[in-house]
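Enquirer: Chains as they are written, first to last, in our numbering: chain X, -11 to 387; chain B, -11 to 387.
Bear in mind the hints are in silico, worked out from the structure with no lab data behind them. The structure presented is a predicted model; accordingly, all values stated were derived computationally and were not measured. There's no promise every hint is true.
No farther apart than 27 Å at their CA atoms in a straight line, the calculated lysine-lysine pairs in the DSSO-like style are these [claimed, not checked]: (1) B:189 to X:24; (2) X:236 to X:189; (3) B:189 to X:-3.
Which chain X residues stay away from chain B? Per the calculated CB distances, all over 10 Å, these [what the hints assert, rightly or not]: (4) -5; (5) 130; (6) 136; (7) 165; (8) 173; (9) 186; (10) 190; (11) 294; (12) 342; (13) 353.
Every residue, glycine too, gets a C-beta built ideally from N, C-alpha and C.
There are 2 protein chains.
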Amino acid sequence: MDINIIKQKIEMIPSLLNEFGIDMWLTFVRETDVMKDPAMDMITDRGVTWQTAFIFTAKGEKYLILGSLDKDNMLASTLYSDEEIKTYVGSIRDELKSTIEKIAPKSIAINKSADDIMSDGLTCGMYETLCEILKDTPYIERFVPADPIISALRSRKTSVEIEKIQKAVDITEEIYDKITKNICAGMTENDVANIVRNETKDRGLTSAWDSAHCPGIFAGAESAEAHAAPSDRVIEKGMVVHADFGVKFEGYCSDLQRTWYIMKDDETDAPDIVKRAFLALDDSIQSSFKAIKPGVEGRLIDQISRDRLKAHGFEEYPHALGHQVGRSTHDGAALLCPEWERYGQRPYMKLEEGQVFTLEPRITLKEYGAVTMEEMIKITADGAVFLSRPQRELYLIKR
Amino acid sequence: MDINIIKQKIEMIPSLLNEFGIDMWLTFVRETDVMKDPAMDMITDRGVTWQTAFIFTAKGEKYLILGSLDKDNMLASTLYSDEEIKTYVGSIRDELKSTIEKIAPKSIAINKSADDIMSDGLTCGMYETLCEILKDTPYIERFVPADPIISALRSRKTSVEIEKIQKAVDITEEIYDKITKNICAGMTENDVANIVRNETKDRGLTSAWDSAHCPGIFAGAESAEAHAAPSDRVIEKGMVVHADFGVKFEGYCSDLQRTWYIMKDDETDAPDIVKRAFLALDDSIQSSFKAIKPGVEGRLIDQISRDRLKAHGFEEYPHALGHQVGRSTHDGAALLCPEWERYGQRPYMKLEEGQVFTLEPRITLKEYGAVTMEEMIKITADGAVFLSRPQRELYLIKR
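Turn these sequences into a full structure, and let the hints guide you.
Expert: Have a look at this one:
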């Protein structure tokens, strides 16, 4: 965890509060070892035990109210000064209430969002406690969702953040090259997964998400399609194999997918349908990539990708075209996704410079399994650039 | 993660629902890699990406409704059968609503608790989504808190769970013995911490809580008192040193504290005040231990401990006497704690057979730092037994 990045994020907060017309932002948490509000990533490198309030104002003030025994740990992180930290023993009530009354905010952003889990760290029980503490004040009526602030903090990557993500991408590609050199018929999904696990471990890194299904290795039509652990299924000639993984480099993630075809003894190329699917995906990725720029709604980019697949005679994929990547693999609110209810308001959010997205359409072939590539791009002032080297050719394996 | 333990927990659910008079229990989650409802520990060994509903009924039915691409991973865990799993692509709405309407429960327990974080995994945004989906039904009015169910699942330890905790305790004591053999003036807090880190790693285990402050090593009066990372502060003769750590063994935690006194060259014993503090703590632990049995409220046990310290002329500690331990270091709702507002209803919960608690009073001596022992006990049918070998003598170090 790079403390300087968190310092930069904290410094961004007053201007974000002003940009969104919000007077005060409150992150209200406890026992973050057990369940951590994702917003904590942006404002501290430490955990807390008892009820704790992180308060930021549009005027640039910071307040941190926490249980007495958590203080020394927080002080040691140097993000909050002795004057900014208040402690309590019996109850957070008085200190929290009086601090809010002193600030007298017209609006208080709280971490509540139906659409974006990164902005939804406030639990029902903590919300109830907060309302109880503020019950005789006008402040409950002034709650607004913190998602614009949290989303901007996560999305608007600093150059140091982009460097770390780029490094995670580069390493992931190195490991993919290793797979391409070694994959062959007779290996199991787990054998391929072990290449990834060993290469990741040798570099002192960890998987970008739950190591139970990162890497995911999917061999042939009988394999699970996504989000599943590698199995002892044997890779056979005539199978499409795809992999999905990323690494975490200094707190920042990558997330890429690649596809191979394992040729039969009498083949010199992949079957026609596999080649057609690959080309359709390539077209889908390149076409949507070209349309990405700040100000466009994510749903429009997703639609381009879907339209291209349909133009090639294939079905739509049952998920979003792309998600943001950062400290988490699924990061930030804006999505490149269709207007499906499960995505709430996320398809309608406008893209911004500094955001990092995946592009990951997929075609499932009944006979062969899923053909899929996942690339990563960064949005620039007037377009986008690839952070990954896109897979433009199907990897043909003859061994 | 031992799948058989989760199986046993899932099998307990219908009888718990009947015991507490609740028709249905709903755990409603998403993106559990980012923020995981702690109740998930009791009902699955896998994570999910999209909105997911785990539903259990008093009649013994199970339903799992999830995004289509999460299905294979969940099926592979074998805890839910193909018939019990329903998937969706666009929205969970229809499947969730119709499932609840089919069950037609008179009460629906949801994971919302002001007092117990383990029972408070439902976020505000997910609650809002749930209410929106059920808006034209009578079911929102039938929500009740799931804390009795979750608390019982976590608290009522099976014999296999107790074995794992006992093993974690035994290993922690082995490591403490190593510290006692090696600690000396001139070592830093980090040197002592490295003994713990290496011994834990050599056994292929991890720390019981955040490795940033597990172990905690606290040397002398200037040291942080708790919840802080070890520093490069040098241990000097004439200092009280205490340590706080635990290990995780097959998913189950220990949490113990021990205290040493580093004698000056001309000393053959600890200073009188340090000895008195140690004896007061020992009395406090033994006295409260003797009063523990099922049916007693935790606050009464905590009070005995406080009273003993006061009888010896010392001040009360600024925290609870003891917390439950299990898959997390701070586990289960019932606490041995004072009636302070920050503890909500937890001091009033009755103790039950099978619960595992710490006993950890503390005395802070201005000149020397904190003297503290933390033991672990298990509640039996008519009392309690120690899982740890209590520290009954101050460790005197002359080197």
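Enquirer: Is the Cβ of residue 186 (chain X) more than 10 Å away from each Cβ in chain B?
Expert: Holds, because the least Cβ-Cβ distance between residue 186 (chain X) and chain B comes to about 17 Å, which exceeds 10 Å.
Enquirer: Run the C-beta distances from residue 342 (chain X) to all of chain B and say if the shortest one exceeds 10 Å.
Expert: Holds, because the least Cβ-Cβ distance between residue 342 (chain X) and chain B comes to about 21 Å, which exceeds 10 Å.
Enquirer: Holds or violated: are the alpha carbons of residue 189 (chain B) and residue -3 (chain X) at most 27 Å from each other?
Expert: Answer violated: residue 189 (chain B) to residue -3 (chain X) is near 34 Å, above 27 Å.
Enquirer: With 10 Å as the threshold, tell me whether residue 136 (chain X) passes as away from chain B on beta-carbon distances.
Expert: Its Cβ never comes within 10 Å of chain B, the nearest being 14 Å, so this holds.
Enquirer: Verify that the Cβ of residue 294 (chain X) lies farther than 10 Å from every Cβ atom of chain B, and report whether the claim holds or is violated.
Expert: Nearest chain B Cβ is 13 Å from residue 294 (chain X), so the label holds.
Enquirer: In terms of Cβ atoms, is chain B entirely out of 10 Å range of residue 190 (chain X)?
Expert: Consistent with the label, residue 190 (chain X) stays out of reach of chain B, its closest Cβ about 18 Å off (over 10 Å).
Enquirer: Evaluate the condition: distance from the CB of residue 165 (chain X) to the nearest CB of chain B exceeds 10 Å.
Expert: Fine: 27 Å to the nearest Cβ keeps residue 165 (chain X) off the interface.
Enquirer: Would you assess whether residue 353 (chain X), listed as outside the interface, keeps its beta-carbon beyond 10 Å of every beta-carbon in chain B?
Expert: holds, 16 Å
Enquirer: For a C-alpha distance cap of 27 Å, please report whether residue 236 (chain X) and residue 189 (chain X) respect it.
Expert: holds, 11 Å
Enquirer: Decide, holds or violated, for the assertion that all CB atoms of chain B are farther than 10 Å from the CB of residue 130 (chain X).
Expert: Consistent with the label, residue 130 (chain X) stays out of reach of chain B, its closest Cβ about 16 Å off (over 10 Å).
Enquirer: With d taken as the least Cβ-Cβ distance between residue 173 (chain X) and chain B, does d exceed 10 Å?
Expert: holds, 23 Å
Enquirer: Given the proposed pairing of residue 189 (chain B) with residue 24 (chain X), does the C-alpha separation stay at or below 27 Å?
Expert: OK: residue 189 (chain B) and residue 24 (chain X) at ~25 Å, within 27 Å.
Hint 3 from the list above is the single one not met by this structure.
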